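**Student:** Here's the letter readout for the chains.
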Amino acid sequence: DQQVKQNSPSLSVQEGRISILNCDYTNSMFDYFLWYKKYPAEGPTFLISISSIKDKNEDGRFTVFLNKSAKHLSLHIVPSQPGDSAVYFCAAILSSNTGKLIFGQGTTLQVKP
Amino acid sequence: NAGVTQTPKFRILKIGQSMTLQCAQDMNHNYMYWYRQDPGMGLKLIYYSVGAGITDKGEVPNGYNVSRSTTEDFPLRLELAAPSQTSVYFCASSPSGNYYELYFGPGTRLTVT
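Chains as they are written, first to last, in our numbering: chain A, 1 to 113; chain B, 1001 to 1113.
If you're looking for bench data, these hints aren't it; they were derived computationally from the structure.
Note that the structure is predicted; figures quoted are calculated from it, not measured.
Any given hint could be a false lead.
Stated by the list, open to error - Pair by pair, the computed Cβ-Cβ distance ranges are:
| id | chain 1 | residue 1 | chain 2 | residue 2 | range |
| --- | --- | --- | --- | --- | --- |
| 1 | B | L1080 | A | A70 | 23 to 31 Å |
| 2 | A | P40 | B | T1113 | 33 to 41 Å |
| 3 | A | S52 | B | P1039 | 29 to 37 Å |
| 4 | A | D59 | B | M1027 | 33 to 41 Å |
| 5 | A | E42 | B | G1063 | 43 to 51 Å |
| 6 | B | G1053 | A | G16 | 47 to 55 Å |
| 7 | B | P1095 | A | L94 | 34 to 42 Å |
We put the beta carbon where it would ideally sit given N, CA and C, even for glycine.
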């Protein structure tokens, strides 16, 4: 049972344009969400997060939007850069759950120069 | 700070062999985690530890064992390796259970044939 789903395995965008990565979840009890970025042969690194009490969080070129009624979150990257090419994982957690994140399958983003 | 380190980077095991994946962190983090990532899948939690001497099962603990004798080290033991354990293994740490921005190691790629 996949509680966190990223239905698009891959996304390709042109440099300078917007990248939108999507994530859906099934458990309405999740109260914190994160995005991780992963380059080949490296471990994931934290990118941005959002609490369920907010609907938007922004950090530079990266913005995460949360739609609780739709159980959907998205990561916007504006403008996209070739160095953003990586696998992006969304993750969710029950805050009482000792840091046990539930990850989506990942979306591979390619930003073309 | 080296952060989270993992050894070995790569390993090929024969069915039925055993091995220990090493993980160490130098950030004095109490919480440590072992995840596995199968192709096209998200990371799944194998085991976690909330401090020296305390460990607990995650989503997919079967076929693995862990120990946590020090704050720094969190080895993962595979007994009687099976092809289903072919995966990339990531160790992660965080300072506390309600700090969700995990620090990941670079991973160990394990093939069981």
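**Student:** Hint by hint, note whether the structure agrees.
**Tutor:** These are the hints, each one checked on the structure:
1. B:L1080 to A:A70: 23 to 31 Å: Check failed, 45 Å falls outside 23 to 31 Å.
2. A:P40 to B:T1113: 33 to 41 Å: At roughly 23 Å between Cβ atoms, T1113 of chain B and P40 of chain A fall outside 33 to 41 Å, so the hint is violated.
3. A:S52 to B:P1039: 29 to 37 Å: holds, 31 Å
4. A:D59 to B:M1027: 33 to 41 Å: For D59 of chain A and M1027 of chain B the Cβ distance comes to about 22 Å; the hint is violated.
5. A:E42 to B:G1063: 43 to 51 Å: violated, 26 Å
6. B:G1053 to A:G16: 47 to 55 Å: Since the Cβ atoms of G1053 of chain B and G16 of chain A sit about 52 Å apart, the hinted range of 47 to 55 Å holds.
7. B:P1095 to A:L94: 34 to 42 Å: violated, 19 Å
Of the numbered hints listed earlier, those contradicted by the structure are 1, 2, 4, 5, 7.
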